Every structure is written in structure tokens, then in C-alpha cells.
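Turn these sequences into a full structure, and let the hints steer you where they fit.
2 protein chains.
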Amino acid sequence: MPSETQAVTTTTTTVSPPGTRTGPAAPVPAPLPARRDGPGLPAPPVDPSGVFQYGFPGPVNDLRSAASLTSAFDRAKRNPHWVAEHITPSSLLMQNGDRRHSIFEEDMSIPEKFRAKLKDYFRSGYDRGHQVPAADAKWSQQAMDSTFALSNMCPQVGDGFNRDYWAHFEDFCRRLTSFYPSVRIVTGPLYLPKRDPDGKWRVSYEVIGHPPNVAVPTHFYKVIFAEDGRTGGNVSLAAFVLPNAVIHNDKPLQEFEVPVEAVERASGLEFASLLPPARRRKLCQEVSCSIIVKEYAERQRTIMTPPPQKGSPPATTLTQR
Amino acid sequence: MPSETQAVTTTTTTVSPPGTRTGPAAPVPAPLPARRDGPGLPAPPVDPSGVFQYGFPGPVNDLRSAASLTSAFDRAKRNPHWVAEHITPSSLLMQNGDRRHSIFEEDMSIPEKFRAKLKDYFRSGYDRGHQVPAADAKWSQQAMDSTFALSNMCPQVGDGFNRDYWAHFEDFCRRLTSFYPSVRIVTGPLYLPKRDPDGKWRVSYEVIGHPPNVAVPTHFYKVIFAEDGRTGGNVSLAAFVLPNAVIHNDKPLQEFEVPVEAVERASGLEFASLLPPARRRKLCQEVSCSIIVKEYAERQRTIMTPPPQKGSPPATTLTQR
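Residue numbers (UniProt numbering), protein chains in the order written: chain B, 1 to 321; chain D, 1 to 321.
Among these hints, one or two may not hold up.
Listed below are the simulated DSS-like cross-link pairs for lysine-lysine, each with C-alpha atoms no more than 30 Å apart in a straight line [claimed, not checked]:
| no. | chain 1 | residue 1 | chain 2 | residue 2 |
| --- | --- | --- | --- | --- |
| 1 | D | Lys113 | B | Lys194 |
| 2 | D | Lys200 | B | Lys113 |
| 3 | B | Lys194 | D | Lys117 |
| 4 | D | Lys138 | B | Lys282 |
| 5 | D | Lys138 | D | Lys282 |
Just so you know, these hints were derived from the structure itself, not from any lab.
Predicted model, so just to flag it, every value in this text is computed and none were measured.
Laid out in C-alpha cells, this is it:
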């Protein structure tokens with residue numbers, strides 16, 4: 001019954017009417033042209049993309065554009081894929097927001113079944129770890145509030161990481177505005193493989209919530225774009241990957257530096273595909289990539305000292321040591 | 001230096017010129033409107049989405065439209081997210097393709113750093129498991145060939161799964177064309193959490209390749225749309241989730257049936273968001289959802305027998321037992 005079959009195998013890609021979706025509309029592809037099996041051959045008897053009549057399966061990234069951040073959400077892991085922010089010397093000087101007036105909240109723009117919930121974090125043992133830090137969005141209360149959506153959070157180890165080394169690392173990023181007029185930072189989670197005693201590589205991560213809902217990343221990355229302030233000017237790049245674990249403050253930050261490509265391979269994302277090589281500079285050859293734990297003011301003066309020359313570049317495939 | 005800063009924080013979202021990308025173009029969002037912090041307040045001092053000037057981070061799904069399948073690729077795990085196919089009584093009758101003439105090949109449309117490689121599978125202990133089976137695309141050699149791209153593969157346990165129970169399951173799907181004039185099947189991998197002895201849920205999966213590159217799914221799903229052949233007609237749905245492990249042939253297929261929503265929660269995808277409830281039917285109430293291992297012809301006659309009444313529906317959050 002080919003005629004009957006044809007009738008239901010249309011390539012029509014219908015989008016849902018307004019109001020039926022809570023998240024952004026799925027990126028339904030344009031109808032695909034009818035395919036022929038080769039010159040002079042009959043049209044194929046089937047239409048695989050006709051399934052789009054029932055909706056585009058996705059994945060959908062739930063792109064969010066807020067005052068303080070732009071992000072894409074991972075519906076399978078209920079964490080962001082990445083969260084991008086922008087800080088400048090003047091934005092950090094503005095002190096209109098206070099985190100005591102902000103509250104953590106679920107991101108209602110994400111469909112319920114893919115959303116991270118406040119109850120997932122409750123008694124999980126993990127912090128609701130900001131990807132874009134609240135302290136980077138003090139320029140308005142609304143901007144700060146928008147960092148408190150759970151779509152800007154991942155489960156992070158609290159003591160020794162989120163409240164310590166990671167916070168010092170965020171401080172390092174802010175201090176970059178002393179040397180660059182415009183700094184962009186993209187932050188997000190990773191789920192890296194580790195070599196087991198049997199010699200096999202395995203990714204293993206906890207999932208919090210009852211039922212399990214939000215993945216606990218094994219690592220976090222930041223890709224930093226420090227801009228020189230000129231249109232089409234130089235961009236000083238650095239990428240860091242830190243384990244979601246206690247890190248002692250005496251561990252040099254530069255030990256966590258990796259090639260941008262290593263973060264790309266691990267995350268499936270691309271961070272600077274449109275940035276010409278001629279405009280790229282290496283951030284950690286221009287400033288000292290190090291955290292400041294104590295004697296903040298004193299060590300602030302040393303940040304411009306170039307670091308010692310590095311050896312061969314690390315491998316671009318990230319695994320857990 | 002606000003004016004300098006402004007100059008480099010444009011929201012321009014440039015797409016790459018033709019030829020600079022091997023995969024489909026990233027879905028660069030339209031420029032975001034300038035945001036104001038509220039009525040009468042000054043424009044925000046930062047522009048988080050300005051990072052798009054360096055390229056949209058993604059993720060990009062590498063949508064592939066081939067004669068025999070349409071698929072989306074997971075660049076982080078180097079497996080498909082989903083692969084959709086369409087079979088009909090007449091498409092399965094055509095016998096122009098022979099798998100002995102097809103060869104496994106890497107999908108060159110996916111950027112090298114995100115691509116599954118033939119060498120990743122070599123000596124991994126896993127089969128290159130077709131998501132859309134070669135046997136469903138015998139209607140032309142080219143259609144069959146297009147099922148042999150690694151973007152249609154996942155690492156699958158061979159004996160006892162890919163070569164046995166999973167193959168019987170694929171046969172079940174083909175047999176549906178005896179009762180429905182048009183059958184659509186969406187197949188893909190899952191990475192499900194399992195409860196460890198410490199009471200915590202963890203996702204754990206192997207990654208094959210040196211360096212590790214391709215994730216080994218813990219489970220596979222199929223979402224089946226059996227169409228009645230009328231435009232806007234009824235669609236009989238069923239979803240199954242099978243572990244990537246040896247399954248004995250005497251295990252009833254129906255034990256692997258799950259609500260479609262459970263696959264959606266686990267995968268982060270949506271399969272029938274545009275299909276009105278009034279058009280939905282339950283496939284396994286219309287046909288016997290069971291595999292046939294032996295005495296194929298004899299058991300073929302029994303497939304229309306409705307199965308015994310089922311109890312309460314299973315939970316919609318998938319975990320490993």
C-alpha cells in the first residue's frame with residue numbers, strides 16, 4: 001500500500017504553537033529535500049526524517065540570556081553545558097547587588113522533566129556551585145539574582161573546593177581586569193574518564209536527588225578570553241580544568257592549565273573556532289596565573305611577573321590522573 | 001575605560017565562512033537585543049553573549065540526513081544521540097543491498113576531534129553496533145552503506161546481545177510491518193545510574209580507544225511509532241530500554257518496555273511532543289511485543305494475540321536495577 005504509506009511519511013516539520021513549550025522552541029530543521037538514490041534511480045521508499053512530524057527529538061540546549069550570563073543547559077545531566085560571563089574594571093566597581101538579597105531558584109524556563117530541583121541538592125552533601133560567580137554580578141541586584149538560577153549551578157564539593165580553591169580561582173579571574181579592560185569567562189562541568197586498576201578507562205559520577213536527577217561533575221573548566229580593548233584586537237587565552245574535589249591552597253594554579261582544545265575534546269564544545277590564530281595570545285605568559293590566598297594586597301603587586309618557561313605542551317585529551 | 005570596553009563587546013554573531021567547518025554550521029543564535037536593567041535604568045555594563053564573536057560553543061548535534069536514516073551526534077561521547085529510521089512492508093521487500101558489500105567507515109562530516117574512529121573499536125571487546133540495522137536498509141546498496149558510518153554505531157556487547165537478543169529485537173521491529181503500513185523507529189544509547197552499595201546513585205561507563213574516545217553505553221533504547229497509514233491517523237507507541245549486556249533469549253521483551261517519558265528523562269530528548277494524545281495508541285496492547293528466536297514461521301502467527309493485562313505503569317525515571 002505505497003500510497004497510504006506515502007500519506008503519513010511527510011517531511012513536514014511542524015513547530016509547536018506558542019505556549020505549549022516552557023523552554024525555547026526546539027531547533028526544528030528545515031524540511032529535507034526529497035532524496036534520490038542516484039541519477040535516474042527511483043525516489044527512496046522511506047523517509048527517515050518524517051519522524052520530525054512528532055517533534056524534533058533534540059537535544060535542545062535551553063539557551064538562556066540573562067543580564068549577568070548567557071548559558072546552555074544539558075537536559076540529560078541537568079547541569080549547564082557552559083555559562084558565559086563578561087567582566088570589566090567598571091562592572092566590578094559597581095556595588096549595587098548583595099547576595100544576601102538573592103535566593104536560589106529553579107529555572108522555570110526548562111521543562112519540568114529536565115530541570116534541576118532545589119530538592120535534588122538538599123542533603124546531597126554538595127554545594128549549589130555557581131558557574132558564573134555571584135560576586136561577578138554586583139553591578140545590579142537583578143544581575144546578581146540571575147546568577148542564582150539552578151541552571152547556573154552544578155553540585156560542587158564545598159569545603160576545600162567551592163568555598164576555597166575554586167573561590168580563589170574566581171578571584172584570580174576578577175583580578176585579570178587590572179590588566180585587561182574586558183574579560184570573558186566560560187565556565188562549565190566535565191565528566192572525565194579515569195583509568196581503573198583493570199586498565200580500562202571509565203567515566204563515573206554520582207547523580208543526586210531522589211530519584212537521581214542532577215549529575216555531579218568530576219571536573220570543572222574555565223576558558224578565559226582576556227581582551228585588549230581594541231576591536232579585532234588581541235585576545236589572551238587560557239583554559240583550566242580543576243577536579244571537583246578538595247584542592248590544597250599551595251597547589252599552583254598553573255598545574256591546572258590545559259590547552260583549550262583539551263576542554264573542547266572533553267566537553268564536545270568549541271570555544272574559539274572563529275578567533276584567528278594571529279589574534280591569540282597566551283594569558284599565562286602575560287600574567288602570573290596563580291591564586292592569592294593570603295596577603296592579598298602584597299601578592300597583587302607580583303601578578304605581572306611572567307611565569308617560568310613551560311616545558312612541552314600537555315596532551316589534548318583530558319583524563320583523570 | 002568604558003568606551004574601549006564597549007568596542008570589543010559587540011553582540012555580533014559571526015558565522016564561519018563556507019569551507020572552514022567540516023560539520024554542519026553551529027546554530028549561532030541571532031544577536032541578542034541590548035538589555036536594560038529595568039525601566040529608566042542605564043544599559044548593563046557588560047555583554048555576556050559577546051563571547052559568540054569567537055564562535056558559538058555548542059553543543060552542535062551534527063544532524064545527518066542519509067537515505068536510510070536521520071541522526072544527531074553526541075560530540076562529547078562520540079556516539080549518536082538518536083538515529084531515526086523508517087520501514088514499510090514494501091521497503092523491506094526490496095533486496096538490492098548486501099551487507100557483504102558495505103564497509104564500516106568513520107563519519108567524515110564530524111570534526112576530527114569529536115569523531116568516533118575505527119581504531120577506537122579495534123580490540124575494544126565491543127561490536128560496532130548498528131543503531132539503524134543494516135537489514136532495514138536492503139532497499140538499495142547506498143542506503144545500506146549509509147548505515148555503516150560510525151555515527152550510526154555504538155559499542156555493543158557482541159555475543160548474547162548485539163548478535164542475539166538485540167538482533168531478535170530488531171527482527172521484532174521489522175515484523176511490525178506485517179500489521180502497520182509504516183513504522184518509524186528511533187534508536188540510541190543511554191547512560192543510566194546504578195545504586196551502589198553505599199546507597200549513592202552513580203553513572204559509570206567504559207570509554208574505549210587510546211586515548212579514550214568513545215563511550216560504552218550502559219543501555220539502549222528504541223522508541224517505536226507504528227502508523228496506521230492515514231494522514232493524521234493513529235500512532236501506536238512503545239519504548240524499550242535494554243541493558244548493553246548478555247540477555248537470555250527466554251527473557252520476555254515486554255519486561256523491557258518503559259514509558260516513553262522514561263526514555264525522555266534519561267536521554268534529555270523528547271520523542272512525541274507534537275503527537276496529540278488522541279492519536280496515541282499502545283503498541284503492546286495491539287500486538288504481542290515479544291521476540292522470536294526459533295520456529296519463526298510458527299510463532300509469527302501468534303503475534304496478533306493481545307498480551308495479558310499489565311499492572312501499574314512503571315516509574316518514569318530510569319535507573320539500573
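Outcome of the hint check:
1. This hinted pair checks out: Lys113 (chain D) and Lys194 (chain B) have alpha carbons roughly 19 Å apart, not beyond 30 Å.
2. Taken as a hint, the Lys200 (chain D) and Lys113 (chain B) pair is honoured in the structure, with Cα atoms around 21 Å apart against an allowance of 30 Å.
3. Of the supplied pair hints, the one linking Lys194 (chain B) and Lys117 (chain D) holds, its CA atoms being roughly 20 Å apart against a limit of 30 Å.
4. A distance of roughly 53 Å separates the Cα atoms of Lys138 (chain D) and Lys282 (chain B); the hinted pair therefore is violated under the 30 Å criterion.
5. With a C-alpha separation of about 29 Å, the suggested pair Lys138 (chain D) and Lys282 (chain D) falls inside the 30 Å cut-off, and the hint holds.
Consistency with the previously given hints fails for number 4 only.
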